[in-house]
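*Asks:* Here are the chains, one letter per residue:
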Amino acid sequence: GDSVTQMEGPVTLSEEAFLTINCTYTATGYPSLFWYVQYPGEGLQLLLKATKADDKGSNKGFEATYRKETTSFHLEKGSVQVSDSAVYFCALSDFRGAQKLVFGQGTRLTINP
Amino acid sequence: NAGVTQTPKFQVLKTGQSMTLQCAQDMNHNSMYWYRQDPGMGLRLIYYSASEGTTDKGEVPNGYNVSRLNKREFSLRLESAAPSQTSVYFCASSEVPDTGELFFGEGSRLTVL
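Chains D and U supply the protein sequences, listed in that same order. Going by this note's numbering, the first sequence opens with residue 1, and the numbers climb by one from there. Going by this note's numbering, the second sequence opens with residue 1001, and the numbers climb by one from there.
Everything labelled a hint here was simulated from the structure, so no lab data went into it. None of these values were measured; they are calculated from a predicted model. Glycine included, each C-beta is placed from N, C-alpha and C at the ideal position. Any given hint could turn out to be false.
Facing chain U, from chain D, some residues (calculated, C-beta under 8 Å) [said to hold, decoys possible]:
hint, residue
1, 43
2, 45
3, 48
4, 105
5, 106
Kindly produce the complete structure, drawing on both the sequences and the hints.
*Replies:* See the structure below:
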């Protein structure tokens, strides 16, 4: 079945550092890809998405490009802030009948001042 | 705006006890979902309801039942709780046609002793 694999965490960076969180997927069709973020004590919220190959999703300084040839959707940010500390989840959706997302295991990011 | 509201936020049960997690959304969404979140495993879909009056099994339905009471409410019931059901449970909702964006509640932390 469809699956998502993320780089293992936790990841700890200093403020203003460059961030990459790797995400690769396995899917039979052409899924849409998502990054969700979970701040401490909260539910998940959509950070960005891409619906077809070569699309770039972006939001709040984060971006990710849908790479069909490498089945990847890596999350990047040029200069992280303490407020970016959270757990980040990569996910895919096959849209069959309902919005059923398949999530990666999550990557905990901590940014130190 | 309330969005997706889950109750209770915390619950401790003994093995064999039953309980119901309640979820309500005020966004007039058609689809609703129950996920569980376990360390190192991301979120896994338990049950979902594509529209009022329908429910379907997700990836890990064993030991759970659901009821789509009306368009707003979707409850998750544990008939005989087991320690393996210790987890954080998230309810979510989404609009149809699918956009890829799920709106999550803040989660319910369940401990089964």
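*Asks:* Please verify that hint: residue 106(D), Cβ, nearest Cβ of chain U, below 8 Å or not.
*Replies:* holds (5 Å)
*Asks:* May I ask you to test the interface hint for residue 105(D) with respect to chain U, counting a Cβ-Cβ separation under 8 Å as satisfied?
*Replies:* holds (4 Å)
*Asks:* Under 8 Å, Cβ to Cβ, is where residue 45(D) needs to be relative to chain U, so tell me if that hint holds or is violated.
*Replies:* holds (7 Å)
*Asks:* Taking the closest Cβ pair, is residue 48(D) under 8 Å from chain U?
*Replies:* violated (10 Å)
*Asks:* Classify the hint on residue 43(D) as holds or violated, based on whether any CB of chain U lies nearer than 8 Å to its CB.
*Replies:* holds (3 Å)
Violation of the numbered hints given earlier is confined to hint 3; every other hint is satisfied by the structure.
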